[in-house]
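Participant: Spelled out from the first residue to the last, the chains are:
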Amino acid sequence: MSTAEKHSSGSTADVIVYLVLLGIAGLQILIAYGSSSGGERLLSRLLLVASVQAVIAVLFFMHLRFENRALMISVAVVTLFVLAAMQYGWTDSFRLLDGVPFARLH
Amino acid sequence: MSEANLTMEGHGAGVMEASPFAIPAKKLAMWLFIIADAMTFAAVLVAYGFLRNSHTNWPEPFKFSPTIINVMVMTFILVSSSLTMLFAVRAAQAEDKARAFAWVQITALGGAVFALLHIHEWLGMIGEGVRLFQNPWGASLFGAAFYCVTGLHLLHVTGGVVALVIVGLRYKGGRYKADDIEILGLYWHFVDIVWMFVVPLVYLLSIQR
Chain B
20 MSTAEKHSSG
30 STADVIVYLV
40 LLGIAGLQIL
50 IAYGSSSGGE
60 RLLSRLLLVA
70 SVQAVIAVLF
80 FMHLRFENRA
90 LMISVAVVTL
100 FVLAAMQYGW
110 TDSFRLLDGV
120 PFARLH
Chain U
70 MSEANLTMEG
80 HGAGVMEASP
90 FAIPAKKLAM
100 WLFIIADAMT
110 FAAVLVAYGF
120 LRNSHTNWPE
130 PFKFSPTIIN
140 VMVMTFILVS
150 SSLTMLFAVR
160 AAQAEDKARA
170 FAWVQITALG
180 GAVFALLHIH
190 EWLGMIGEGV
200 RLFQNPWGAS
210 LFGAAFYCVT
220 GLHLLHVTGG
230 VVALVIVGLR
240 YKGGRYKADD
250 IEILGLYWHF
260 VDIVWMFVVP
270 LVYLLSIQR
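Here the protein sequences come in this chain order: B and U.
Each residue of the first sequence is one higher than the one before, starting from 20 at the first, in the numbering used here.
Each residue of the second sequence is one higher than the one before, starting from 70 at the first, in the numbering used here.
Quick caveat, the hints were computed from the structure, so don't treat them as lab data.
Predicted model only: the values in this text are computed from it and were never measured.
Built from N, CA and C at the ideal position, the CB exists for glycine as well.
Keep in mind that the hints are not guaranteed to be accurate.
[Claimed, not checked] What the simulated footprint calls covered on chain B by chain U, stretch by stretch (three residues with Cβ under 8 Å from a Cβ of chain U suffice, anywhere in the stretch; the number is not a length):
#1 30-37
#2 60-67
#3 70-77
#4 88-98
#5 102-108
Please build the complete structure, drawing on both the sequences and the hints.
Facilitator: Written out as structure tokens, the structure reads:
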């Protein structure tokens, strides 16, 4: 039995999720143009919004929420790791804007 | 249902273990590929971030018109193609082959339009002088970084379009089943999700103010 047969969300739910994703994409544009500069704060906001989009798409479009719990947990762990790595990497890269290649000493 | 078969009769009998996560092997393989590819894209995007922030003269060239408008249209097309892929999966599981095939081909068409728009954007940038190791706006590595990140995604979209056409035709011919459409759908949604990160990190962080 395939995954989608186990649930009865229907095409209506798919369309609602689709509209939500489009809305969030529009929100990203508004956040970008609403910010006075493209700094670390803008990055964090955009990354957060993109992460929300990704989670919604994974759960609803990829039907992960209807999968075996072990698979869901495995994919969730990896997804969180990837998002955390991107957040860490990008945030860390902003050090370079000050021209400092090494970590600051506290 | 467990696929384990523990009978051992002579040399011919085999022992099959239960499928991990209780999903078909093909589906598990696709999830594992998606996980690996997600890490690849994350590494590429973080590398782009370090390149960008290590240059004080990194260009911020993306004007609202036409670039960001083009990106918005591309996003709309790609997200819409994810929706049509969902319709295809539902139709396939309802054993409506004709409808499923139609939705798969519509999805492929959406992907093809996305790819064409992307190439059109590239041609525009090449026309403005943005090459792999030079550009008229600032840091020389901007071109290479931009084309690598967006090109990797474009490659995935193009591969997906080819797969959609082939799998769609084979499904219609009876060689593939509804599960195969669903598994291909996983890949297509993943390509969409990657674009959701490429847009803010590559385009929106470098809009022209």
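Participant: Next, verify each hint and record whether it holds.
Facilitator: For each hint, the structure was consulted:
Given as covered by chain U, the stretch 30-37 of chain B passes the check, having 4 residues with a CB less than 8 Å from a CB of that chain where 3 are the minimum. With 4 residues bearing a CB less than 8 Å from a CB of chain U, the stretch 60-67 of chain B meets the requirement of three and the coverage assertion stands. Coverage of the stretch 70-77 of chain B by chain U holds in this model, with 4 residues showing a Cβ closer than 8 Å to a Cβ of that chain against a need of three. Only residues whose beta carbon comes within less than 8 Å of a beta carbon in chain U count, and the stretch 88-98 of chain B has 6; three or more means the coverage holds.
For the stretch 102-108 of chain B, the stated coverage by chain U is satisfied: 3 residues place a CB nearer than 8 Å to a CB of that chain, which reaches the threshold of 3.
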